[in-house]
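Residues per chain, in single letters:
2 protein chains.
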Amino acid sequence: MYRSHTCGELNLSHNNTTVTLAGWVQKSRDKGFMIWVDLRDRYGITQLIFDESRTDKAVFELAKTLGREFVIQVKGTVIERESKNPNMATGDIEILVSELTVLNQAMLPPFTIEDETDGGEDIRMKYRYLDIRRNPVKNSLLFRHKVTQEVRNYLSDKGFCEVETPYLIKSTPEGARDFVVPSRMNPGQFYALPQSPQTFKQLLMVGGMDKYFQIVKCFRDEDLRADRQPEFTQIDCEMAFVEQEDIIDMFEGLTRHLLKEVKGIEVDKFPRMTYEHAMKTYGNDKPDIRFGMEFGELNAVAQHKDFGVFNAAELVVGIAVPGGAAYTRKEIDAFIDWVKRPQVGASGMVYCKYEADGSLKSSVDKFYDQDDLKKWAEITGAKPGDIIFVLSGPANKTRAQLSALRMEVATRLGLRKPDEFAPLWVVDFPLLEWDEESGRFHAMHHPFTSPKPEDIHLIGTEPGKIRANAYDMVLNGNEIGGGSIRIHDKDLQARMFELLGFSKEEAENQFGFLMNAFQFGAPPHGGLAFGLDRLVAILGGQETIRDFIAFPKNNSGRDVMIDAPSAIDNKQLDELFIKLNLNS
Amino acid sequence: MYRSHTCGELNLSHNNTTVTLAGWVQKSRDKGFMIWVDLRDRYGITQLIFDESRTDKAVFELAKTLGREFVIQVKGTVIERESKNPNMATGDIEILVSELTVLNQAMLPPFTIEDETDGGEDIRMKYRYLDIRRNPVKNSLLFRHKVTQEVRNYLSDKGFCEVETPYLIKSTPEGARDFVVPSRMNPGQFYALPQSPQTFKQLLMVGGMDKYFQIVKCFRDEDLRADRQPEFTQIDCEMAFVEQEDIIDMFEGLTRHLLKEVKGIEVDKFPRMTYEHAMKTYGNDKPDIRFGMEFGELNAVAQHKDFGVFNAAELVVGIAVPGGAAYTRKEIDAFIDWVKRPQVGASGMVYCKYEADGSLKSSVDKFYDQDDLKKWAEITGAKPGDIIFVLSGPANKTRAQLSALRMEVATRLGLRKPDEFAPLWVVDFPLLEWDEESGRFHAMHHPFTSPKPEDIHLIGTEPGKIRANAYDMVLNGNEIGGGSIRIHDKDLQARMFELLGFSKEEAENQFGFLMNAFQFGAPPHGGLAFGLDRLVAILGGQETIRDFIAFPKNNSGRDVMIDAPSAIDNKQLDELFIKLNLNS
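Protein chains in written order, with numbering that gives the first Met the number 0: chain A, 0 to 583; chain B, 0 to 583.
Calculated directly from the structure, the hints in this document are not laboratory data. Positions of the beta carbon are idealized from the N, C-alpha and C atoms, including for glycine. Any given hint could be a false lead.
As the list claims (entries may be wrong) - Below 27 Å or equal to it, Euclidean Cα-Cα: the simulated DSS-like pairs (lysine-lysine) are:
1) A/K137 with B/K216
2) B/K125 with A/K489
3) B/K489 with A/K74
4) B/K259 with A/K157
5) B/K259 with A/K145
6) A/K578 with B/K578
7) A/K74 with B/K137
8) A/K570 with B/K570
9) B/K157 with A/K216
10) B/K451 with A/K74
11) A/K157 with B/K74
12) B/K570 with A/K157
13) B/K137 with A/K489
14) A/K145 with B/K157
15) B/K157 with B/K259
Said to hold, decoys possible - Under 8 Å between C-beta atoms, here's a sample of chain A residues computed to sit facing chain B:
16) W23
17) K137
18) H144
19) R183
20) P186
21) Y190
22) L203
23) L412
24) Q571
Work the whole structure out from these sequences, hints included.
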């Protein structure tokens, strides 16, 4: 072993003992007669001291040559520091070095290995192994490990069995694009990488495994938004002989356990909200409820006056921004510009200040008197000192726009506190959503989600109104988990595929194995999947998932460190019975 | 919840309580006035009773319709059984059913859902979800879960951090064939699925993670032998600032822990054996040491007589088979035929019975007298009552043949006891092995394995004699884990690639990122990987890994249940910039 202790554990109780440490040179201060070196490993930093008067000359000379990030091994004596550093675990001691070995030299790193580095995103990704040496990334990876250990132990204690499902499966055109893998042994055929183990976990329920989970990589070949990865990790769960309430109980328990174990936070029973309520109140099916600013619908009080814009709108809806009466005209204009950005897409914004003296002052005073505006304040819950922001237009779009504004305002007001956690369940999702582009219904969750029994009669008449036995767990404005009670009846599943526009042949060809399985005694079952990358990032109080993934890919799906993907040679292509077709 | 209890937990302490159970009908016996049903779930079997005189008529009639594998829910009262079954956890009670709900009907399964099924391998794979209902498969999956939980908890307690490495990486022509994944966003380029996370775990060491592990899927597109899978699972581990001894200590500790926790077996410190000794003594680098039959080399005593076959052989080597003197001529001939099979490839076999009376009788008595044969007995350790089997020919081939024979004999003699565990370390592997076909050296483990420092001087002169800092953990004749201390010096790594026939450009193109990383302060490091599928199967006392994999593939790499791989449509191919090339 290259060390007797780590760089994070020595203190005064080790005083005068001889120790061996190994690690990286964090920094070195050479005062001529005395050299101090901060030696770093995963566990901490320990100060080394080389003293011209006490250290062997050869060792002292060698110490002068040490550069940042050199890998060294030292033997020495633990001594009490003259000037202690109470902010460091090892701050009471230092090591008077007697032996020094350079295990490996290091070139100057392309960015500083500090909590606040001077390296940009691109260079840090290219040298990710150096980035991982930095505390923020290293600690994120350690935190992720702690979370997954807690999840595994909690679920195992509850009787869940982790089962590995295959990675080389079958491609299905439904949903997002698959990554595919040509088969050498089956010419012209391809495996697909799983977008989720959905059908396999259902088959495990048919197989009587009763309680399944898996922490598993999933793959989606989609155009990548800023914070998406082509490969991502799910905590995938399924239970048999359960109803929605059982699933909610179980995974609320898990989440509460996590919050307690990894954050030290106790939370109450999670509130529940229907999809409809969430959309009307927050314009969003994953509302951040750490703060208020609930939507107030103003149609009844703002329409039928002389303001044509509102009169023509399907929905007039506003939020009260706390303290917003103090905004300057310039600040308000900035918000108006913000909602007009293409990413938000509003055509304009009306506002109304509720002054501290109780008077109301709006941008549409021409059309509304104080009594009218008072009603706006009542409905949006504005108090003196607030400002009301009002958007109008087609209902769905306007809600989405106001939701974006609400989040932006909250961020600027510091209401989205990373150390506050407000989980909730959103329930009663629609089973289907209409897709304008393809002119047909899509499954809102996936084709295996069961309709609520009381809504099944709507299948033939108003399928868009069928609610699903589906539920999402939402945390701080993020969907961190989602699931449903599944269909376990072959005929209902066939009906569902029909509703989604599958021909009998397509359904049979793609999901015949599942429908067949349902004929051999499928139990009622349901489950849920958490997005682990996101969950860990939120628990870690971060907005971005990248620091919680050891080797992430960039927005073009490239690993810039190893330079993948890359060309392969013709022999490989031939063996796989494919060739390039770059002009397609 | 569909149940108040599982089918495995009720006993006399629940007498007279009302319970609700749900599960599958294992079997049903209809005696006219009385119907017994065995209800099964993952946890056990509970006997239900429907009694014409005590059960509601409608319920009784419905019970008559129940077929095998129907999914039902029942409510009833726990009562004491008249004829108890001491072999069942629930054997003291039965449930007098008052309510019965059929949750799902079932077609007759294509094979019996019993411990000993009438279904062959193919049909069981096609309906794997039914196969999983059988105890042998279900228990194997639960056992696998238990093993992985133990591994994770043990390593976490020791300070290891599980880090997920990417699945979409870069193809490297070295070693086995990669599965590749065409990239839609990077036309003409391909990802590869990892054969192991080798380079990533080394980069994590460069990144200071210090102790890494991962239970991770790996992929090899090789022609599948009987018990190989294209996707398999590794327990992958790496440590920094360690020497071989530290790795051996740590993972011997893990394995000892597993044997104790999952098998209740305490084992001593594992013996160690050099590769050279293993090859000479067992003809094999993964010897099964649950039994003896060590090789005795007979050249000195069997050559230079008049037996031309032996005289012409590079090696004459034998084993003493305990009790073998009792073999009939027919039995011996069967062994001779066995070694002559093409899979073994011997041209013949000489034998020598060591009779109980102390006399020796060989198939080559013409050339050897009693004194000669006595020496054979001494060298092979034969005792009166044994038989000596002797093979001869080129050394390596002959050893491999005798090793195969030794294992076959041991199997027939029942010496390979599934409940006996004899782990050992094989150490001091050669760094390189000569490949006749390509006329160059290959890395015996992989190109990142470090040579023993004392052998480095042989690089320029006799590279074939360099020993590696490599070690395998062997259990009952299987390599269950293997690893090495890695090269952490850029120049030595470059030298190694050169030795393996890489041009500078190839080395740079494929592994430049790793050699670059070594320039920024790589610590000494090493690790090991266990084959989880095999490890679990051996711990479970089984020869085959399939029952320990939920959804295995067949020998053509097909998943016959979901029918994968399969054709994909032209639109998908176009998007990926490839086309089929079936005439390649």
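Evaluation of the provided hints:
| no. | hint | in the structure |
| --- | --- | --- |
| 1 | A/K137 with B/K216 | holds, 24 Å |
| 2 | B/K125 with A/K489 | holds, 18 Å |
| 3 | B/K489 with A/K74 | holds, 26 Å |
| 4 | B/K259 with A/K157 | holds, 23 Å |
| 5 | B/K259 with A/K145 | holds, 25 Å |
| 6 | A/K578 with B/K578 | holds, 5 Å |
| 7 | A/K74 with B/K137 | violated, 54 Å |
| 8 | A/K570 with B/K570 | holds, 25 Å |
| 9 | B/K157 with A/K216 | holds, 25 Å |
| 10 | B/K451 with A/K74 | holds, 24 Å |
| 11 | A/K157 with B/K74 | holds, 24 Å |
| 12 | B/K570 with A/K157 | violated, 45 Å |
| 13 | B/K137 with A/K489 | holds, 24 Å |
| 14 | A/K145 with B/K157 | holds, 13 Å |
| 15 | B/K157 with B/K259 | holds, 17 Å |
| 16 | W23 | holds, 6 Å |
| 17 | K137 | holds, 7 Å |
| 18 | H144 | holds, 5 Å |
| 19 | R183 | holds, 6 Å |
| 20 | P186 | holds, 6 Å |
| 21 | Y190 | holds, 5 Å |
| 22 | L203 | holds, 7 Å |
| 23 | L412 | violated, 36 Å |
| 24 | Q571 | holds, 7 Å |
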